[in-house]
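Given the coordinates of chain A, assemble chain B onto it according to the supplied hints.
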Amino acid sequence: MSLKNFLAIALGILSAIGGFVDIGDLVFNTQAGATFGFQLLWVVVIGVVGIIVYSEMCGRVAAISKRPVFDLVRERTGFGAGLATLIASEVVNLLTCAAEIGGVAITLQLLSGLPYRLLILLGVVALVVVSWTLPFEWIERVFGYLGLCLLVFAVAAIKLHPNWGKVAHGFVPGSHSGGSTMVYFYFVVGLLGAAMTPYEVYFYSSGAVEDGWGLKELGLNKVTSIIGYALGGFLSFALMIVAAVLFLPRGIDPQFLGTPPLASADAVGQLGLLLALVGILFAVGGAAIETCFAGAYNLAQFFGWRWGKRERPARASRFALSWLVIFALALLVVMTGYDPVKLTEYSVIFSVVALPLTYLPILLIANDRTYMGSHTNGRLANVLGVVYFVIILLVAVAAIPLLVLTNGGQG
Amino acid sequence: MSKSTPVDLALGILDHQLVDADGRNCGKVDELELGGFDRATPQVAEILVGGNAWRTRGLLGRLAAHLAGEAVHVPWSEVESVSSVVKLKRTAAELRLNRGDERWSRLFTKLPGGA
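Sequence order for the protein chains is A and B. Using the working numbering, the first residue of the first sequence is number 1, and each one after it goes up by one. Using the working numbering, the first residue of the second sequence is number 1, and each one after it goes up by one.
Heads up, a few of these hints could be off.
[Unchecked claim] List time: in silico DSSO-like cross-link candidates among lysine-lysine, alpha-carbon distance up to 30 Å:
{"id": "1", "chain 1": "B", "residue 1": "LYS110", "chain 2": "A", "residue 2": "LYS216"}
{"id": "2", "chain 1": "A", "residue 1": "LYS166", "chain 2": "B", "residue 2": "LYS89"}
{"id": "3", "chain 1": "A", "residue 1": "LYS4", "chain 2": "A", "residue 2": "LYS216"}
{"id": "4", "chain 1": "B", "residue 1": "LYS89", "chain 2": "A", "residue 2": "LYS66"}
{"id": "5", "chain 1": "A", "residue 1": "LYS4", "chain 2": "A", "residue 2": "LYS222"}
[Claimed, not checked] Facing chain B, from chain A, some residues (calculated, C-beta under 8 Å):
{"id": "6", "residue": "GLY78"}
{"id": "7", "residue": "THR133"}
{"id": "8", "residue": "ALA314"}
{"id": "9", "residue": "ALA320"}
{"id": "10", "residue": "GLY337"}
{"id": "11", "residue": "TYR371"}
Keep in mind that the hints were calculated from the coordinates and are not lab data. Glycine included, every Cβ here is placed at the ideal spot set by N, Cα and C.
Okay, chain A solo, but in the shape it has when bound (with noise of 0.2 Å):
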């Protein structure tokens, strides 16, 4: 491998690390750590390994096939099944970007001290001027370097000394103790669908398609896809062990997004805060373009409209003005004023139900031959994909009822 490669892998990767949390990590990990300590640490791993199993498959397909998710739901589950899961996707993109949105201009607010209000504007503002002038080389740089000030969390958790023992202990799922079984069973819902949100596949795909993957790329998105998001989940391990040394103790429930960073403040000072700060912004805002477009990318594969960042706006007008209206209806739900950290808490496990429709399509692609020839799935990407999918099966039929059960986690 040439000093060049080397270096553009590991510039990918360090931006898929900087782009690997969002605002659902953010919330639910801290969340987690809060109520059940390292407990939770597990589901993490499992929901990590996930990710890392169908993004590489769809980064796969992408790449032989040249088509990208939606092409691919739309093929396989007909007009009706597939237009039903476009409908769900395009709501949860909808509220994800709203709570990205949200987590912006908190984070913006914590920084300058204006109004909430006028900054979600400005935030839509610079968010719709950078989509519409910036190349997504760029975009994705920009977003994921800043967004690796999150590492600061990492810091911090090293620097608070947790009882490493109990940490471990935490990867081993078990029985656990103080909150309830219910709640219990609701935050693994939540971090495994904040781990494995769908808009992250649909945006990668389309993201490799328009960038014109062929075989070449096929070795990029191994790496990219298991070491870029295998060493993102590491941050979602830190937020949730500061959270149980910070929080649990003291009886904190982080329900507001500034709680966090205060956590690393209180480990590495003012420099931290600032850090944490700058990387929450960076990485929610990140998000915000990320969501915004998955859901213009999946109606435009739906309908079959000319597609792509690339293409010129009159010419793919409606591709465009999708993007355009998305981030108009998030604001409005932003600027109702309605919580972020509960709009982010209604978006992952609502994003959960939509997940099956979603990756069924991809499993059954990854699989045929006159689709993908010789680069049909190997052994392992099967057992994993179909273990995964019984998995995302069982926890999309217990969402909703969990999420109604528990009032949103609060027991």
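Quick look at chain B alone, frame taken from chain A:
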């Protein structure tokens, strides 16, 4: 297109991407119209794209068709090849498959970076 490999109409053509002669997306195969049942070999006569072509596609399709306009009919003779996409012999404009993007493009032509 190759006549030797059989294609499953439902899995291999229906709901697949239509691509015009310039390689641009121009809709989906929303419905197929078959003909020639009185002959020995029935054939695909037309591809229906958009609008009320959805009315035969289940409950949600019926609802969507009510909200949309007329479908565009593309004769099967306009099909160049079938792979994971259905490639057409002419451009989207020539086959009247560009109306959707035409309708909204005025919004963007004046903006910097729009056209």
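Tell me if the interface restraint on TYR371/A is satisfied: Cβ within less than 8 Å of some Cβ in chain B. Holds: closest Cβ of chain B sits about 6 Å from TYR371/A, inside 8 Å.
Can you confirm whether the C-alpha distance between LYS4/A and LYS222/A stays at or below 30 Å? holds, 18 Å
Quick one, is the THR133/A hint okay against chain B at 8 Å, beta carbons? Cβ of THR133/A sits 7 Å from chain B, so the hint holds.
Hey, LYS89/B versus LYS66/A, does the alpha-carbon distance stay inside 30 Å? Holds, because 20 Å separates the two Cα atoms, which is no more than 30 Å.
Mind checking the alpha carbons of LYS4/A and LYS216/A for me, to see if they're no more than 30 Å apart? holds, 15 Å
Per-residue hint verdict: ALA314/A, partner chain B, C-beta under 8 Å: Constraint on ALA314/A satisfied, holds at 4 Å.
Answer holds if the nearest beta-carbon of chain B is closer than 8 Å to that of ALA320/A; otherwise answer violated. OK, holds: ALA320/A within 8 Å of chain B, min 6 Å.
Agreement of LYS110/B and LYS216/A with the hint, judged by alpha carbon distance not exceeding 30 Å: Since the Cα atoms of LYS110/B and LYS216/A sit roughly 39 Å apart, the hinted pair is violated (cutoff 30 Å).
Going straight from one Cα to the other, do LYS166/A and LYS89/B come out at no more than 30 Å? violated, 66 Å
For the restraint on GLY78/A, tell me whether the closest CB of chain B is nearer than 8 Å. holds, 6 Å
Interface hint outcome for GLY337/A [beta carbon to chain B under 8 Å]: violated, 30 Å
Hints 1, 2 and 10 from the earlier list are contradicted by this structure; the remaining hints agree with it.
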